[in-house]
Amino acid sequence: MTIEFDNNAPIYIQIMNYMKKQIVIGKLGPGDKIESVRDLAAELQINPNTIQRTFQELEREGIVETKRGLGRYVTEEESTIMRIKKEMAAELLDRFVGGMKELGFTGADIVALVEDAVRDDANAKGGA
Amino acid sequence: MEPVLEVAQVGKRYGSKEALRDVSFKAGAGKIIGLLGSNGSGKTTLMKLVAGIAAPSSGEIRICGEPVGRQSRAMTSFMPDKPMTEPWMRVKDAIAFSADFFADFDRAKAKEMLSFMGLSDRDRVSSLSKGMNERLQLTLALSRNARLYLLDEPIGGVDPVAREKILDAIVQYYSEDSCLIVSTHLVTDIERIFDEVIFVKDGRLVLHEEVEQIRMTRGRSVVDLFKEVYAE
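Residue numbers (the working numbering), protein chains in the order written: chain A, 1 to 128; chain B, 1 to 232.
What the hints contain is simulated information worked out from the structure, not anything from laboratory work. Quick reminder that beta carbons are idealized off the backbone N, C-alpha and C, glycines included. Careful, some of the hints might be misleading.
Claimed, not checked - Below 20 Å or equal to it, Euclidean Cα-Cα: the simulated EDC-like pairs (lysine to aspartate or glutamate) are:
| id | chain 1 | residue 1 | chain 2 | residue 2 |
| --- | --- | --- | --- | --- |
| 1 | B | K109 | B | D168 |
| 2 | A | K125 | A | D109 |
| 3 | A | K67 | A | D94 |
| 4 | B | K109 | A | D6 |
| 5 | B | K201 | B | D168 |
| 6 | B | K227 | A | D39 |
Said to hold, decoys possible - Chain B side only, calculated, beta carbon under 7 Å to chain A, not exhaustive:
| id | residue |
| --- | --- |
| 7 | E112 |
| 8 | V161 |
| 9 | R163 |
| 10 | L167 |
| 11 | V171 |
| 12 | R192 |
| 13 | I193 |
| 14 | S221 |
Kindly produce the complete structure, drawing on both the sequences and the hints.
In structure tokens, the structure reads:
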């Protein structure tokens, strides 16, 4: 696992986001075991308490479950995984729409541009 | 819970020079704390006082409730900025020496750490590179089952590979019921392994804060804050 950290923002949030992404794209599947705090801390060279906090927050959001004596596992609830996926999409969209508005595009312009972009993308892939 | 280390209004004078002034802080179990400051800020002096190698001119230092002395030294593992080994030693002599000297020295842990560090029993201490020697010193310090670990500049002047290995070892081998204090002026590489940082400047404590708190409330890294505090 490699993460490019930004030391200007809380590290536990960056690791949370990274793990959520791994789950959404299927690198970490439902029911998969998660590394121990100590192993992950050593691998990422991060303070173990920071990793502990990451896991606690992921547990609080229902993304990770602790099985007593066995360790931590990715949730098997598909609905939870869908929820994270939607949350991540919403964040991306927020940022995108905000950026486009700053550039002076209206809602209709943005939709039209997105449609074009999606079509171009599909054609480029189909043609290749 | 009782703090592992309690420093109260500590001052230290060397003749007319004031090396430390009115330094107070507490450090708890399970924490890795960065003791940061530019060269000559008083980091090493503070380490020496806590290790019981020098006596404060004023104030008091307690380790697990014990004033600094024979009992506190038995619970404190100190890695000084200059090697404690002798040039005639091989690695195994250095290990045996520490094992004789410290009742809490854990030979099994030392063995495991040596192989993690890529050091061999047969290596001569005098032939080790600076980076390898730092790895050995760290092995000696962390192989004790102490309550307080004091590492003075463990990554100063070593190459990036050795630095990575040393950081790995710190995270992997420190124990959760002890407190580990690392002094350094190289903040960038190491700030992500800290729970808290303490800034010492001109012999005074100027900041003691949780690292994630700094990132959260100030939106900046420890190294940026460090540059601001130590700007000349």
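Restraint check, 7 Å cut-off on beta carbons, for R163/B near chain A: Cβ of R163/B sits 10 Å from chain A, so the hint is violated.
Proposed proximity, D6/A with K109/B (alpha carbon, max 20 Å): 34 Å, violated
Minimum beta-carbon distance criterion (7 Å), V161/B to chain A: 13 Å, violated
Chain A contact restraint for L167/B - C-beta distance below 7 Å: 5 Å, holds
Chain A contact restraint for S221/B - C-beta distance below 7 Å: S221/B check passes; min Cβ-Cβ to chain A is 3 Å, inside 7 Å.
Pair hint K67/A and D94/A, alpha-carbon separation not exceeding 20 Å: Outside the cut-off at roughly 36 Å; violated.
Hint validity - V171/B Cβ closer than 7 Å to any chain A Cβ: Constraint on V171/B satisfied, holds at 5 Å.
Straight-line alpha-carbon gap K227/B to D39/A, limit 20 Å: 32 Å, violated
Given hint D168/B paired with K109/B - CA-CA distance at most 20 Å: 15 Å, holds
When the least beta-carbon distance from E112/B to chain A is tested against 7 Å, hint result: 13 Å, violated
Satisfaction of the R192/B interface hint, Cβ to chain A closer than 7 Å: 5 Å, holds
Given hint D109/A paired with K125/A - CA-CA distance at most 20 Å: At roughly 24 Å apart (the allowed maximum being 20 Å), D109/A and K125/A break the hint.
Taken one by one, the earlier hints fail for this structure at numbers 2, 3, 4, 5, 6, 7, 8 and 9, listed in ascending order.
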